[in-house]
Structure formats: C-alpha cells, structure tokens
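Peer 1: Sequence:
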Amino acid sequence: MTDTHPNPKPWIADIHAYVPGKSSAADGQPLVKLSANENPLGCCDAARAALDEQRDPAAYPDPDARVLREAIANRHSLDAARIVCGTGSDELLNLAAQGFAGVGDEVLFSRYSFAVYDIAARRCGATPVEVADADYGADVDAMLAAVSPATKVVFLANPNNPTGSYLARPEVERLHAGLPSDVLFVLDQAYAEYLAQDEDDGGLELAAAHRNVLVTRTFSKIHGLAGERVGWATGAPGLIDTLNRIRGPFNVTQSGQAAATAAIDDADFVERSRAHNAAERARFAERIGALGNYGLRALPSEANFVMVLFEGAVSAADALEAIAGAGYAVRHLPGQGLPHALRITIGTAEQMDTIADTIAALVGSKA
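Per my numbering, residue 12 is the first one in the sequence shown, and the count goes up by one each step.
Quick caveat, the hints were computed from the structure, so don't treat them as lab data.
All figures in this text were calculated on a predicted structure; none of them were measured in a lab.
Be aware that a few hints might be false.
[To be verified] Straight line, CA to CA, 30 Å or less: simulated DSSO-like cross-link-like pairs of lysine-lysine:
(1) Lys377 x Lys33
(2) Lys377 x Lys44
(3) Lys33 x Lys44
Whole structure, please, built from the sequences with the hints as guidance.
Peer 2: So, in structure tokens, the structure goes:
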C-alpha cells in the first residue's frame, strides 16, 4: 500500500468549527444554560402537543414541508412558493453562500457578527471579508466601501448576534440600495420576533420586491424549538430554486414540521415571550449600568441576550468563572475578538437576578 490518503480542499483547513454554548462547568457539573439564546419559557402548548403526537419513524418527512410553508406564508402574508425550509437557519445561510459564491469570490459581513458567516464563506472556497464595525454594530458606509467586483454575498444579522445591535429600516434599505444588483443580500432575522411591532426593518418587503434579497428566520429562538432545528427563508423564485436544488432532500423532520406549524400560529405565546424578554432585558441592563463606574457596560440589545463588556479591574474571564460558580453558563467569545465580553441570554427573573448579583459581588470584591 502507498502512504497516500485523501486530502481536504485547502480552504477547509482554514475553517474554525463552530463552538456551541457550554452547558457544563470545567469539572463536568451541569449548569443552567444561558449561553445559547434559548427561550426560557420553552415552547407553546400547541407545539409541545404536536411533538408528543405519535408518528411513524419509518416514514420520511414531507421533503417540501408544504403544510409548514403554507402556515408561514399565512402568518407573514407571503407566497408559499417563495419559501424554503431548512435544518435551522444555519443550513440556509450556508446554502446561500454555496449557491452564489465560490473560489475567487468574496463574502462580506460586519465584524462581531454571527460566526457561521465566516464558516459559510470558507466552506465553498470563497474569501470571507470582515468589515470594521461601528461600536459593535454594522457600519453601512464601511460595508458599502468594502464591496468589490469579487463580492457575491453580503450577510447582515438584524438584530445582530452576538452583540444585539440593530439597524433600522432606512439603514437596511440604504445598504441594499448601495449593493450591485448581482450581489446577494442575505438578511438574517433570527431574532426579528423580539423587536417591537414598530421596529420592523422591512426585510420581508425587500425580499418580495427584489431579486437579490434573501431573508432567513428560525424557530429556534422565540418559538422555543431549538432542539427541532427548523428554519426558513424567503426570496425571489430564482433564489429559492437555487437553495432547493442543493439542500438536503428530507432536511426538516416530521416532528419539526409539525411543531413549527403549530408554533407559527400561536401569536399569544410569541407576544408573551417578547414581553418577558423586553422586561427582563431592561431590568438586567439597568443592573449592569449601575456598575458603569467599575468599567462594565451593557451594549444596547434588541435580541434575547445582552452583551456585557468588562473594561475595568474585573475581566470577562473572571466573571465567567464566578457565574459558573453560581451555577450558570454564559457565552465567552475570545475567538470572535471579544475576550473582554460575555453574551448573556435573558432567562427568568430569578436567573437574571442571580447573574446580576454574582457580577456585582465580584466587582465589589475587586473595588
């Protein structure tokens, strides 16, 4: 036998695999998980009932998720033919890059945005282009200035993960208007349901009106179905056709389709989750704001988490350890250039009080 072996494409070796939020301490002890932006209220009763319903595990799911797509279309006044479902929105983000970019092309996104964008670009051999931010949020002028003839895809998370920043409708429209018509604009709205009604960024309207806009959403966040891995995207027929050609043929499970179909119709649960999040997010941000003299800052957030910056005597690593000692897992992201920050998911009132008390006690011990 020769000593040869299969070698991956050279760009694959440059990928840093996605690191999920932790749910246990260094010694293996389980922690309350406030590291993955899950809904602390769980999912709605109708979705839970759908998950409990007996199904035939030997049967393939509907490959086109027709019932789910119709339900999404009815809820958002869309054309079901212009919707594609995926294994979470992650699959669809990767397919967008794969379908429209490749070797020699560029995929553009803001610094401190979703880690999957870099992975999606490298998976298809394209070059990721990270654009300078504006106080941890997307800078439209900087993004437009970074567009080159090689740019094929532009990703924007709105609200942004992991910082919580948000671009209002005029800025989103300005970004899209400044892009060449042959550049795909992917508007990642994973946290859109946490916005107030008057904060809609107009993404669904852009996707309905233009051939180069793809909007992605997920059932993992406000709908509380992260374990079922269900996402969807909408855009022009040509975009949807491309994603359908390269997605997995049975990518959304029977249970995922059933639970998501039930969840999309429970507007009361969505509103209750939104109201809980807004109240606890504001209360937690106020607690952190009171520690501003000690070098702490809570970035303004429109999502279901708050990013706290530690720029004083207490480091983010110190706080991470103390919070784990109190029984909680939060997200530390040094790999994304944020060694001085923690992203903290909004949980129950009691959980947020414990986190705030732990941070305050740690700051007090260093004062």
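Peer 1: Each hint should be assessed against the structure and marked as holding or not.
Peer 2: Cross-check of the supplied hints:
1. As the CA atoms of Lys377 and Lys33 are separated by approximately 26 Å, the hinted pair is consistent with the 30 Å bound.
2. Distance hint between Lys377 and Lys44 is fulfilled; the C-alpha atoms sit about 26 Å from each other, no more than 30 Å.
3. Between the alpha carbons of Lys33 and Lys44 the distance comes to roughly 7 Å, so the proposed pair stays at or under 30 Å and holds.
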